[in-house]
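*Asks:* Here is what each chain is made of, one letter per residue.
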Amino acid sequence: MKVLALALLALFVAHPARAIDAAEREAILLHGPWPPEATPDPSNRASGDPAAIALGQRLFFDVRLSRDLDRACASCHLPAQAYADGRPRGEGLRPLDRNTIALANLGGRRWYGWDGRSDSLWAQSLHPIVDERELAASGTLLRDRLEREHDAVFGPADDDEIFLVDIAKALAAWQETLVTPRSAFDDYRDALEAGDAAGMAAYPVAARRGLSLFVGRGQCATCHFGPSFSNGEFDSVGINYFLGPDGVDRGRHGGIAALLASPFNLLGRHNDDSARTTAAPTTHVALLHRNWGEFRVPSLRGVKATAPYMHDGSLATLAEVARHYSEIDLDRLHQDGQLTLQPLHLTEAEIADLVAFLETL
Amino acid sequence: MKLALALAAGLAATPALACGPGIPVSADGLQLAYRIEPAAAVGRMVAVEVATCDGLALEGFDARMPIHGHGLNYRPRIAATGPGAYRIEGVLFHMPGPWQFVFDVRAGETTRRLTADLTIRR
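So the sequence lines, in the order shown, correspond to chains B and E. FYI, the numbering for the first sequence is 1 to 361, going by our numbering. FYI, the numbering for the second sequence is 1 to 122, going by our numbering.
Do not rely on the hints blindly, as some may be mistaken.
Partner residues are not named here, just some residues of chain B that face chain E (Cβ under 8 angstroms, in silico) [claimed, not checked]:
1. W34
2. E37
3. T177
4. F225
5. P227
6. P245
7. A275
8. T277
9. P281
10. V285
11. H289
12. Q342
13. P343
14. L344
15. H345
Just so you know, the hints here were simulated from the structure itself, not pulled from any lab data. Every residue, glycine too, gets a C-beta built ideally from N, C-alpha and C.
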C-alpha cells in the first residue's frame, strides 16, 4: 500500500506543469508504445523480403519509372523533407490537387492516400506511376526497361499488369521500412508508464501542457488516436474542398468509388494472400453521403517536418492548424451532427503549448 | 483496472441467458445476448455473435455514436449460423467513446428495436 501511495504521489509531483489523474494517464499511454512491431503485409509477397526492399529503394529514385525519363518518386517525395515536398500541393507533370503526403509509418494501414482510394501500400504506390499528371508510365513501358531487375526478384511476370504490380510491391516493401524514430513524447510516455519521475521531468513543460490539451479539452485524440496518432479513417474538418470555380474534390466519397472500381484492390487477383486476411475493410466499407469532403486523419508522428498541412496544404504552420480547430467554423462542416469538433477558443499561449507538444512527436 | 476496461468493451463474462452466452439485452419482454469477437478495440474489425431468445429473428443491426451523431464507416453483414444464432461481420469502431448497438428483431408480425450501450476505450 505504501508503495502504491508513493507511486501515486510521484505521478502528481513529478512534473511542474500539472498533476495527472488516472483518466489522463490512461489517455496518454494509449499513444504508445513506439515503434510498433513490424509485421509483413500478407497481400504483398515482397513485403519483408530483403531483395525486394533493396529493389524498391533503388526504383524509388529511378527516373525509368517515368514516361519521359525525367522524374522519379523522389522528385516529389524528398528524403530531406520527410519524403514530402514542402509545397502546398504537389507538382507533377501538371499541378496536382492535394498536398504530397509524407512517407513514414506506412505498414499495416487500412487505407492509403488522402481519400483512401487504395487498400494496400502497393496499390497506392502504383497510382503515381500510371497517373498522367505524375509519372505517366505504364506496365508495358516498365517491362521494357526493368525486366532484368524485376525478374531477379520476382521471376518472370505473366503479363504487363502483373509486372507493374510487382514493381509497386517492391516500392511498398521499401516504404514499409520508413519508420519515424522514438521521440521525446515516447520517452515521456514510457516514463509515465514506468512511474519514472526523473524521466517525466525531462519532458518540456509547455509540451506537457499541450499534451493535456490534446488528450483533454481539445478532444484531438478522438481521431488522432493510438500510437500512430490517427484512427486511420476520414473526416470533414472545415477545409475547402472546391477546386476553382467549377471543380470539387470529393475526398473520401471519390476514394471509395475509385477503390471499389479498381482492379488493384485487395479483392482482386493481385492480392498475394489467398485467405484475403486484410481485405475485410474493403468488403465492408460503406459509401455514404457524408463522405463528401472527408479526408484522411493524418498521423502526427514527425509532423513538425511535414509542413504545410491539411489535404490541400492550405495551412502553413502547426500554429495555423491549431487556430483553425480552435475557431472552427461549424457552418463549413456539411455533415449532420458532427459534434466532435467544437470551437475551443484557445488562447495564444495554449496554441503555443499545443504546437510545443506536436513538435515532440 | 483491467476488469473495468473489459467491462467497458463489452467483453467480460456475464450471466448467460437461456438462449445463449454473452451480454444480455432486453426490452418489453424481448431478449437477446451478444458478444464481440475478437476483443473490441478502436480500428479493429470485429464480429458480433448474437443469440436471440424465443425464436426472435435478427433482421437488422447497426452501431452508432449518439453523442457524435454518426454511425459506422462500414456496412456489417448478418449471417444466420443456427437456430436463433447470428454472426455479424464487418464492425469497426473508428473512435473511442460511447457507442450503441441497435438490433432489429422480428417478433411475430412486427419488427422491434433493442439497443445496447457500450464504451470503447482503447
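*Asks:* Now look at each hint and say whether the structure bears it out.
*Replies:* Hint by hint, here is what the structure shows:
1. Interface restraint check: W34/B against chain E, minimum CB-CB distance 16 angstroms, threshold 8 angstroms, status violated.
2. With a cut of 8 angstroms, the hint placing E37/B at the interface with chain E is violated, because the nearest CB-to-CB distance is about 16 angstroms.
3. Using the Cβ-Cβ criterion of 8 angstroms, the hint placing T177/B at the interface with chain E is not satisfied: the shortest such distance is roughly 22 angstroms.
4. For F225/B, the interface hint holds, since its Cβ comes within 8 angstroms of a Cβ in chain E; the closest pair sits about 6 angstroms apart.
5. Hint status for P227/B relative to chain E: violated, with the closest Cβ pair at about 11 angstroms, above 8 angstroms.
6. A least Cβ separation of about 31 angstroms between P245/B and chain E goes past the 8 angstroms threshold, and the interface hint is therefore violated.
7. Proximity of A275/B to chain E is violated relative to the hint, the smallest CB-CB distance being about 14 angstroms (cut-off 8 angstroms).
8. Annotation: interface hint on T277/B violated; nearest CB of chain E at approximately 11 angstroms, more than 8 angstroms.
9. Because the smallest distance between the Cβ of P281/B and any Cβ of chain E comes to about 6 angstroms, under 8 angstroms, the interface hint for this residue holds.
10. A hinted interface residue such as V285/B counts as satisfied when its beta carbon comes closer than 8 angstroms to some beta carbon of chain E; here the least separation is about 6 angstroms, so the hint holds.
11. Interface hint at H289/B: violated, since its Cβ lies 12 angstroms from the closest Cβ of chain E, which is beyond the 8 angstroms cut-off.
12. With a cut of 8 angstroms, the hint placing Q342/B at the interface with chain E is violated, because the nearest CB-to-CB distance is about 11 angstroms.
13. The beta carbon of P343/B comes no nearer than 16 angstroms to any beta carbon in chain E, farther than 8 angstroms, and the hint placing it at the interface is violated.
14. Hint status for L344/B relative to chain E: violated, with the closest Cβ pair at about 17 angstroms, above 8 angstroms.
15. Restraint check, H345/B versus chain E: the minimum CB separation of about 21 angstroms is more than 8 angstroms; hint violated.
Going down the numbered hints, you'll see the structure goes against 1, 2, 3, 5, 6, 7, 8, 11, 12, 13, 14 and 15, while the others check out.
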